[in-house]
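Heads up: the sequence shown begins at 1 in the UniProt record's numbering, then just goes up one per residue.
It is worth saying that the hints were derived from the structure and are not from the lab. A portion of the hints provided could be inaccurate.
To be verified - Pairwise CB distance ranges (calculated):
(1) Ser-61 to Leu-338: 47 to 55 Å
(2) Val-392 to Glu-355: 28 to 36 Å
(3) Lys-62 to Arg-113: 12 to 20 Å
(4) Arg-113 to Ala-393: 40 to 48 Å
(5) Glu-264 to Val-410: 28 to 36 Å
It should be emphasised that the depicted structure is a prediction, and the values quoted were computed from it without experimental measurement. C-beta atoms are modelled at their ideal positions from N, C-alpha and C, and glycine is treated no differently.
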Amino acid sequence: MHGGAADRSGLIHVGDEVVEVNSINVEGKTPTDVLSILQNSEGTITFKLIPADGKGNVRESKVRVRAHFDYSAFGDPYIPCKEAGLDFVKGDVLHIVCQDDAYWWQARKEGDRNMRAGLIPSRALQERRIIHDRTQSQTESDNGLCSVSALPVLSCSQSPKSPRCASKPKTKKIMYETAENDDFDREQIATYEEVAKLYPRPGLYRPLVLIGAPGVGRNELKRRLIVTNPDKYKTPIPYTSRAMKPGEVNGKEYHFVTREKMEEDIEATRFIEFGEYKGNLYGTSSESVKALINTNHVCILSPHYQALKMLRIPTLKPYIIYIKPPPLEALKETRNALHARSTFDVNNSRGFTDEEFDDIIKAAARIEFLYGHFFDDVIVNEDLAVAFTQLVAAANRVETEPTWVPASWVQ
Numbered sequence: 001m002h003g004g005a006a007d008r009s010g011l012i013h014v015g016d017e018v019v020e021v022n023s024i025n026v027e028g029k030t031p032t033d034v035l036s037i038l039q040n041s042e043g044t045i046t047f048k049l050i051p052a053d054g055k056g057n058v059r060e061s062k063v064r065v066r067a068h069f070d071y072s073a074f075g076d077p078y079i080p081c082k083e084a085g086l087d088f089v090k091g092d093v094l095h096i097v098c099q100d101d102a103y104w105w106q107a108r109k110e111g112d113r114n115m116r117a118g119l120i121p122s123r124a125l126q127e128r129r130i131i132h133d134r135t136q137s138q139t140e141s142d143n144g145l146c147s148v149s150a151l152p153v154l155s156c157s158q159s160p161k162s163p164r165c166a167s168k169p170k171t172k173k174i175m176y177e178t179a180e181n182d183d184f185d186r187e188q189i190a191t192y193e194e195v196a197k198l199y200p201r202p203g204l205y206r207p208l209v210l211i212g213a214p215g216v217g218r219n220e221l222k223r224r225l226i227v228t229n230p231d232k233y234k235t236p237i238p239y240t241s242r243a244m245k246p247g248e249v250n251g252k253e254y255h256f257v258t259r260e261k262m263e264e265d266i267e268a269t270r271f272i273e274f275g276e277y278k279g280n281l282y283g284t285s286s287e288s289v290k291a292l293i294n295t296n297h298v299c300i301l302s303p304h305y306q307a308l309k310m311l312r313i314p315t316l317k318p319y320i321i322y323i324k325p326p327p328l329e330a331l332k333e334t335r336n337a338l339h340a341r342s343t344f345d346v347n348n349s350r351g352f353t354d355e356e357f358d359d360i361i362k363a364a365a366r367i368e369f370l371y372g373h374f375f376d377d378v379i380v381n382e383d384l385a386v387a388f389t390q391l392v393a394a395a396n397r398v399e400t401e402p403t404w405v406p407a408s409w410v411q
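Turn these sequences into a full structure, and let the hints guide you.
Here is the structure:
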């Protein structure tokens, strides 16, 4: 193990053959037999080794990854040595020091002063576990054992005895939407993502993307942030195929183009999201986002969550903030106390219904399950003033501090 006693001594290397332990011949003995000898030894322990041909210390890898699942070595029945395992939680950045083994990597937590590495499941092993869990969960679901009220939790230590699955929440029709690709999303297997540090560059701002369930308050948070500095924070002007109305100016509230042009650009994937409303196409162009970046503005977006597949690319480098609702009872209490108007009502003439509150919670859980590995930050919008303060802090942080991003963004 990297950082362990043998590694630090510089005398024992990977591939060396152990011949004797304290003058006891161990050739042909099992690892368990050798372990028993070591456990019964006192004082100095002497090894007789046959060195591995041409092998010295294995050079330490420089790979960093962000974990997209929780891991507990003591909850893993398959780890070779539980005491050698490294526990981590989703979002931790890990320094992978050795990937020689197909199933077990050696890693340290980034910034941890303890130089000893620990064992973690390799990407291949974790993917196999998740596929197995999904297959078994689906089989038991098909046999009528599945609850429709919750989402599956896919971790290496999960027991498959109580599988759960998701029901598709009801949502209102929205003006901007992307094509449904849930089957594709469900097949994505998030284990580890290789990351590197991205350092802020003066005048070149990363887009802020607010993701969350309809009704959770993203647009109000976006509005408040823009009001603080409208010359700095801006949203891209959408495109539409509808005809201009009297008094409208092209390029002010909308870019007006022909339907044929929009369909051509949609086909060429030039829109990060698009949809049809009352027979007219509407959409947000990726070029509009780039234009704001290139003119020293902070672009703020609150798109449909499936737009993340178009937004999370090296040319845009977005900072993705998940706006999360509080627990159901707190959501009801805070919104009703403020007499909040329902965003599901076209006229904004009434408050939220209990069914709409339920829909917000279900939609949020679904988004977090499918896209949680994309989030750079999470803000719980229980108290709007507190959430806004946290949003301002996040916006300042991304401008002034290095952040971990996909490694391909800095290569």
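* Asked: Which hints from the list above does the structure break, by number from lowest to highest?
  -> 4
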